[in-house]
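*Asks:* Go ahead and model the full structure; you've got the sequences and the hints to work with.
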Amino acid sequence: MKWYVEKYDKLKNAKPIISVCGDDCTVCPRFLAQTEEELHETAEFWFKAGWRDHVVTNEEIRCTGCGCRPNCSFMLLPCTKEHKVTKCRECGEFPCDKVKKTLSGSREKMAKCQAACESEKEFELFKRAFYEKEKFFFCGEKQNGIQLVALPCLCVDVFDGTDEIRPGGEALNFAVHASAFDKIDVTLLGAVGNDDYAKCIMDSIADKRINTKHLRIEPNKRTANNRTYLTEEGDRYYKEDSWDGEIVDKMLLNEKEMRVLAEADAVFVHFGAECFKQIVEAKQKYNFKLAVDFDTYRDFKDMERYAPDIDYFMISGEESLLYYFEEFSKKYDGLFNMTLAENGSVTYYKGECYRVSACGVDSVIDTTGCGDSYHAGFVCSHLINGDILMAMNKGAEIASETLGHYGGF
-11 MKWYVEKYDK LKNAKPIISV CGDDCTVCPR FLAQTEEELH ETAEFWFKAG
39 WRDHVVTNEE IRCTGCGCRP NCSFMLLPCT KEHKVTKCRE CGEFPCDKVK
89 KTLSGSREKM AKCQAACESE KEFELFKRAF YEKEKFFFCG EKQNGIQLVA
139 LPCLCVDVFD GTDEIRPGGE ALNFAVHASA FDKIDVTLLG AVGNDDYAKC
189 IMDSIADKRI NTKHLRIEPN KRTANNRTYL TEEGDRYYKE DSWDGEIVDK
239 MLLNEKEMRV LAEADAVFVH FGAECFKQIV EAKQKYNFKL AVDFDTYRDF
289 KDMERYAPDI DYFMISGEES LLYYFEEFSK KYDGLFNMTL AENGSVTYYK
339 GECYRVSACG VDSVIDTTGC GDSYHAGFVC SHLINGDILM AMNKGAEIAS
389 ETLGHYGGF
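Following the working numbering, the numbering of the sequence shown begins with -11 at its first residue and continues without gaps.
You may find that some hints are simply not true.
As the list claims (entries may be wrong) - Cross-link-like lysine-lysine pairs, in silico, DSBU-like; alpha carbons within 30 Å at most:
| id | residue 1 | residue 2 |
| --- | --- | --- |
| 1 | Lys36 | Lys(-2) |
| 2 | Lys69 | Lys244 |
| 3 | Lys88 | Lys72 |
| 4 | Lys(-5) | Lys277 |
| 5 | Lys(-10) | Lys100 |
| 6 | Lys3 | Lys86 |
| 7 | Lys227 | Lys0 |
| 8 | Lys265 | Lys109 |
| 9 | Lys319 | Lys277 |
| 10 | Lys201 | Lys88 |
| 11 | Lys277 | Lys(-2) |
| 12 | Lys115 | Lys100 |
| 13 | Lys88 | Lys36 |
| 14 | Lys86 | Lys265 |
| 15 | Lys97 | Lys75 |
| 16 | Lys238 | Lys100 |
| 17 | Lys244 | Lys227 |
| 18 | Lys265 | Lys115 |
| 19 | Lys201 | Lys187 |
| 20 | Lys(-5) | Lys273 |
| 21 | Lys187 | Lys227 |
| 22 | Lys319 | Lys338 |
| 23 | Lys244 | Lys88 |
| 24 | Lys277 | Lys238 |
| 25 | Lys273 | Lys238 |
| 26 | Lys227 | Lys(-2) |
| 27 | Lys88 | Lys265 |
| 28 | Lys36 | Lys3 |
| 29 | Lys100 | Lys227 |
| 30 | Lys273 | Lys69 |
| 31 | Lys187 | Lys171 |
Hint data in this document are derived by calculation from the structure and do not stem from the laboratory.
*Replies:* What follows is the structure, encoded as C-alpha cells:
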C-alpha cells in the first residue's frame, strides 16, 4: 500500500499505542487510514494476506481502537474486563490459553503477511504493528530512561593469603559504569550464592542506580570467584583451578528472566555466556539493541554467524585484526568496535573507519575491568547520543579512570 509506506519515516520512531491484544495501533493501517481510498486498499490487503475471505467494506475495516467494536477477535477485551484488569499481564492467570493462542496464531500469519507486502519497509511496519505481540504482552509500563540489562557474570577476585576480596565480572563492571549515565536505567541478571562473596558484591553496588531485584540467590551454590595470586613484584597470576564459577558458567535464563529481556531497550552480554544463544533468540523476537563482548575470541568465521543480530560488536584486539571488522561492517549494520590497549580504539560502521586515541594516564595501577569500562561508556553514550566518535571518546575516558585504581570500579 503506497500511502502506508509513504508514512514510514514518520512512523518508524513514533511512540507505541498498545492494544489489549499486543498490537501497536500507531502503525496499524486500519487505525491510520483516513480516506475512503486508504480504507479500501487496506481491505484489499487484508484479503490478499488471507485475513479475510473477501474484500470487506470500508466501515468493517476501519478501527479506532479497542472498544470500537462489540467483538474482540481474540476474546481478550471482554476477558480483561471480567478479570478487572487493563492489560493481560496484570492478571494472575497470565499467560493463559487465550494469550498463548493469540501468540501462536500471530506467528502463523506472519509469513502470509510478508508474502503480501510489496517492500521491506511495508513489512517492517506490519511487523511492528502485529508481530511484536510477545514483547508488548510481557512488557511492563515503559520507564523514562533507556532500559539496559547486563548479564550474567558477577564474581569476586579473592587474593590468596590475604583477606582482600574485590567484586567484578563483565556484567557487574559494565552495569556499575552504565549506572552513572542519568538516561540509562540498569538491570542486572545473574546468580549469586548466599555467602560472603555475594554480600561483597551487593554491598559494592548498594549506592548505585542498579536494579538487582531479578538476581537469583542460590543458597546451595557458591558465588563465582577467581582466586588471584601475586608475584613478589605485585603482578597477578592465576592457576588452572583459580576459577570457581559454575553458578554463572551453566546459567540458562528462565521464563521470568526472558520477560526482563522483553522489556529491554538494550542488552549487554559476553560471548562465552552459556545463555548467549538464548539472548540472540530473544533479540530476534524482541528487537532490543544487543551489545556483545567477544573479548579475545579469535574465530572470526564463527563470530560472523552472529553479526546480523549484534548492534555493538566488541573485541579486544590488535591492528592486524582490523581487516575482519572492516569487512564485517560492509555486510552488516552494527558497530564493529575493537579496543587496542594503549593504541586507542577503532570502530567500523558501513565500511567507514573511526579511530580514537587512548586517554593519557599518569600511572597504570590495574588493568582489571578496563575493557568493561570502555564498553559501558561506548555503548551507553551511543544509545543516548548516536554519535560514534563521542561514544568512543567516552569509553576511553572511563577506561582511563579505571586504570588509575584497583578493580573494575
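*Asks:* Evaluate each hint against the coordinates.
*Replies:* Quick rundown of the hints versus the structure:
1. For a cut-off of 30 Å, the pair hint linking Lys36 to Lys(-2) stands: about 25 Å separates their Cα positions.
2. For a cut-off of 30 Å, the pair hint linking Lys69 to Lys244 stands: about 25 Å separates their Cα positions.
3. Restraint check for Lys88 and Lys72: satisfied, since their Cα atoms lie roughly 20 Å apart, inside the 30 Å limit.
4. Between Lys(-5) and Lys277, the direct Cα distance comes to roughly 24 Å. Compliance with the 30 Å bound is thereby established for this hinted pair.
5. Among the hinted pairs, Lys(-10) with Lys100 is consistent with the structure: their alpha-carbon atoms are about 19 Å apart, no more than 30 Å.
6. For the proposed pair Lys3 and Lys86, the alpha carbon gap of about 27 Å is at most 30 Å, so the pair holds.
7. Among the hinted pairs, Lys227 with Lys0 is inconsistent with the structure: their alpha-carbon atoms are about 52 Å apart, more than 30 Å.
8. With a C-alpha separation of about 28 Å, the suggested pair Lys265 and Lys109 falls inside the 30 Å cut-off, and the hint holds.
9. For the hint pairing Lys319 with Lys277, the CA-to-CA distance comes to about 18 Å; that is within 30 Å, so the pair holds.
10. This hinted pair checks out: Lys201 and Lys88 have alpha carbons roughly 27 Å apart, not beyond 30 Å.
11. With a CA separation close to 21 Å, the supplied pair Lys277 and Lys(-2) stays within the 30 Å bound.
12. Between Lys115 and Lys100, the direct Cα distance comes to roughly 12 Å. Compliance with the 30 Å bound is thereby established for this hinted pair.
13. The hinted pair formed by Lys88 and Lys36 meets the criterion: a straight-line CA distance of about 26 Å does not exceed 30 Å.
14. Proximity of Lys86 to Lys265 is assessed by CA-CA distance (about 29 Å); at most 30 Å being required, the pair is judged to hold.
15. Simply put, Lys97 and Lys75 have alpha-carbon atoms about 23 Å apart, close enough for the 30 Å limit, and the pair holds.
16. Taking the CA atoms of Lys238 and Lys100, the gap is about 39 Å. The hint is violated against a cut of 30 Å.
17. For the given pair, Lys244 sits about 36 Å from Lys227 by alpha-carbon distance, which is inconsistent with the 30 Å threshold.
18. The suggested pairing of Lys265 with Lys115 holds, with an alpha-carbon distance near 23 Å, which does not exceed 30 Å.
19. The suggested pairing of Lys201 with Lys187 holds, with an alpha-carbon distance near 15 Å, which does not exceed 30 Å.
20. Taken as a hint, the Lys(-5) and Lys273 pair is honoured in the structure, with Cα atoms around 24 Å apart against an allowance of 30 Å.
21. Between the alpha carbons of Lys187 and Lys227 the distance comes to roughly 25 Å, so the proposed pair stays at or under 30 Å and holds.
22. Proximity of Lys319 to Lys338 is assessed by CA-CA distance (about 8 Å); at most 30 Å being required, the pair is judged to hold.
23. The straight-line distance between the Cα atoms of Lys244 and Lys88 is roughly 16 Å, inside the 30 Å bound, and the hint therefore holds.
24. Under the criterion of a C-alpha separation no larger than 30 Å, the hint pairing Lys277 with Lys238 is consistent with the structure, at around 24 Å.
25. For the proposed pair Lys273 and Lys238, the alpha carbon gap of about 23 Å is at most 30 Å, so the pair holds.
26. Among the hinted pairs, Lys227 with Lys(-2) is inconsistent with the structure: their alpha-carbon atoms are about 57 Å apart, more than 30 Å.
27. At roughly 23 Å between alpha-carbon atoms, Lys88 and Lys265 fall within 30 Å of each other, so this suggested pair holds.
28. Distance hint between Lys36 and Lys3 is fulfilled; the C-alpha atoms sit about 28 Å from each other, no more than 30 Å.
29. Under the criterion of a C-alpha separation no larger than 30 Å, the hint pairing Lys100 with Lys227 is inconsistent with the structure, at around 56 Å.
30. Taking the CA atoms of Lys273 and Lys69, the gap is near 29 Å; set against the 30 Å cutoff, the hint holds.
31. Proximity of Lys187 to Lys171 is assessed by CA-CA distance (about 28 Å); at most 30 Å being required, the pair is judged to hold.
The structure does not agree with the numbered hints 7, 16, 17, 26 and 29 stated previously, though it agrees with the rest.
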